[in-house]
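K.L.:
Quick note, the sequences are listed as chains A and B, same order.
Going by my numbering, the first residue of the first sequence is number -2, and it counts up by one from there.
Going by my numbering, the first residue of the second sequence is number -2, and it counts up by one from there.
Honestly, the hints are just simulated from the structure, not real lab data.
Incorrect hints may have been included.
One copy or any two copies: either way a pair holds, since identical chains are not told apart in the list.
To be verified - Derived DSS-like pairs (lysine-lysine); straight-line CA-CA distance at most 30 Å:
| hint | residue 1 | residue 2 |
| --- | --- | --- |
| 1 | Lys48 | Lys59 |
| 2 | Lys90 | Lys23 |
| 3 | Lys59 | Lys162 |
| 4 | Lys103 | Lys59 |
| 5 | Lys48 | Lys23 |
| 6 | Lys227 | Lys103 |
| 7 | Lys48 | Lys155 |
| 8 | Lys216 | Lys103 |
| 9 | Lys227 | Lys59 |
| 10 | Lys227 | Lys107 |
| 11 | Lys214 | Lys90 |
There are 2 protein chains.
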Amino acid sequence: MELNLNKHISGQFNEELEQIRNDVLKMGGLVEQQLTNALNAVNKRDKDLAKQVLESDYLVNKMDVKIDEDCTRIIAKRQPAASDLRLVLAIIKTITDLERIGDEAKRIAKVALESFSNTQQEFLVSMDGMGRKALAMLNDVLDAFARMDVDAAFEVHKADKELDKEYEAIARQLMTYMMEDPRSIPKIMDVLWSIRSLERVGDRCQNISEYVIYFVKGKDVRHTSEADIKHNILN
Amino acid sequence: MELNLNKHISGQFNEELEQIRNDVLKMGGLVEQQLTNALNAVNKRDKDLAKQVLESDYLVNKMDVKIDEDCTRIIAKRQPAASDLRLVLAIIKTITDLERIGDEAKRIAKVALESFSNTQQEFLVSMDGMGRKALAMLNDVLDAFARMDVDAAFEVHKADKELDKEYEAIARQLMTYMMEDPRSIPKIMDVLWSIRSLERVGDRCQNISEYVIYFVKGKDVRHTSEADIKHNILN
Chain A
-2 MELNLNKHIS GQFNEELEQI RNDVLKMGGL VEQQLTNALN AVNKRDKDLA KQVLESDYLV
58 NKMDVKIDED CTRIIAKRQP AASDLRLVLA IIKTITDLER IGDEAKRIAK VALESFSNTQ
118 QEFLVSMDGM GRKALAMLND VLDAFARMDV DAAFEVHKAD KELDKEYEAI ARQLMTYMME
178 DPRSIPKIMD VLWSIRSLER VGDRCQNISE YVIYFVKGKD VRHTSEADIK HNILN
Chain B
-2 MELNLNKHIS GQFNEELEQI RNDVLKMGGL VEQQLTNALN AVNKRDKDLA KQVLESDYLV
58 NKMDVKIDED CTRIIAKRQP AASDLRLVLA IIKTITDLER IGDEAKRIAK VALESFSNTQ
118 QEFLVSMDGM GRKALAMLND VLDAFARMDV DAAFEVHKAD KELDKEYEAI ARQLMTYMME
178 DPRSIPKIMD VLWSIRSLER VGDRCQNISE YVIYFVKGKD VRHTSEADIK HNILN
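Hey, can you work out the whole structure from these sequences and the hints?
P.N.:
Pasting the structure below:
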């Protein structure tokens, strides 16, 4: 989709919108890095990397507050309408989800600070595939946001179902393991919370995909079935 | 705090803002009912009540979409500034959290559809106290929102810590039980997810309390410590 920002009489307004969009992508990149580092920290038992994730979270929060303030200022000063207003509102919601993905990265990183036996470590590794899928969703949805590409956004929307399935499968596996070795329960629970965090990351990427569709199509698809989105909104 | 809505030259605008605030409270009441029913369904093994929660969720979603649209229309048409704009933005965020509390109620209701042994049922009852606390937080934050009372909002903000502590205590208890009786693990996991849901309800009530403070004080306190809020923002 062509953003066609040139239509604004005020070049200044264009610049402001561009700036905010760039900031969202910068924030998205930072959150992506946080999640990547959290997963690597778990996978490689790298406690320093885990600590780095915990210490960098404030940067994500700072961007969240800054972009939110910028959006409020733009609404008050520029009184945007139609698609400009939708863009600003979509951004306000997007950064909330990005910030929460940052929180999930923090939760995962905390697990990397614990000690695990070798067998337990195998289970941590089992979440690696799921982590990669969640990361891919985040990457794809940021990409869809950057290009305001509804079709790409819809792909992310659909991908969430796959992630949910993988979550269910691993969760079942972990429960079986807990039943076989009850002493491992507390440690395995940490792994369970982590894959739950990844499942939530998927939900939040799906949320963001909905904001992209809202911006481009002007339709709120949050409680709409995928078939409906496909047949009645995207076409 | 006096809302002082009279200051608007347009009586129509006043009415629109009042209408939206009333709708938020109506949505809040509905979500409160959903959570109450979900907890009662679990407590009394009432599957019909649980089904009712699942079937009513669409009402919450509908209100979410409607209020969101109304807010967007108000911004476009009325071009609110200062505290009016803050009110509308606070509402947009509040309804997102309310809708998600509705989702948590749905998750809890699903547990009531399962069969539990008597011993397991005891654990479900153990979450009753936590459920009541979460409900009280929801009630109090809706009340704080209705009166735009920052002090009441701050009380909810602080209450979340208590709920987190209770969550930790019950989670530890449940893990001990799982270790003692590994066959119970899958069922106990359902209880664990439910108390996690309640813990999330508390987080979301805390979010809403932050929007109330944002509206009244004009300060984003989302990533601010409680000491900071108390000394630098409320006073």
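K.L.:
All the hints need checking, so say for each whether the structure fits it.
P.N.:
Tested hints:
In this assembly of identical chains, Lys48 and Lys59 lie within 30 Å of each other by CA distance solely inside one copy; the values are 18 Å within and 42 Å between copies. Proximity of Lys90 to Lys23 under the C-alpha cut-off of 30 Å is found in both arrangements, the shortest distances being 16 Å within a copy and 23 Å between copies. Proximity of Lys59 to Lys162 under the C-alpha cut-off of 30 Å is restricted to the inter-copy arrangement: shortest distance 27 Å between copies versus 34 Å within a copy. In the homo-oligomer, the alpha carbons of Lys103 and Lys59 lie at most 30 Å apart inside one protomer (15 Å), although the nearest pairing across protomers, at 33 Å, exceeds that limit.
In this homomeric assembly, Lys48 and Lys23 come within 30 Å of each other (Cα to Cα) only inside a single copy, at 22 Å, whereas the closest approach across copies is 44 Å. In the homo-oligomer, the alpha carbons of Lys227 and Lys103 lie at most 30 Å apart only across protomers (26 Å), although the nearest pairing inside one protomer, at 35 Å, exceeds that limit. When the C-alpha separation of Lys48 and Lys155 is checked against a cutoff of 30 Å, the pair qualifies only between copies, where the shortest distance is 27 Å, while the shortest distance within a copy is 33 Å. In this homomeric assembly, Lys216 and Lys103 come within 30 Å of each other (Cα to Cα) only across copies, at 25 Å, whereas the closest approach inside a single copy is 33 Å.
Taking the shortest Cα distances, Lys227 and Lys59 sit within 30 Å of each other only across copies (20 Å), while inside one copy they are farther apart (36 Å). In this assembly of identical chains, Lys227 and Lys107 lie within 30 Å of each other by CA distance solely across copies; the values are 29 Å between and 39 Å within a copy. For the homomeric pair Lys214 and Lys90, the shortest alpha-carbon distances inside one copy (16 Å) and between copies (21 Å) are both at most 30 Å.
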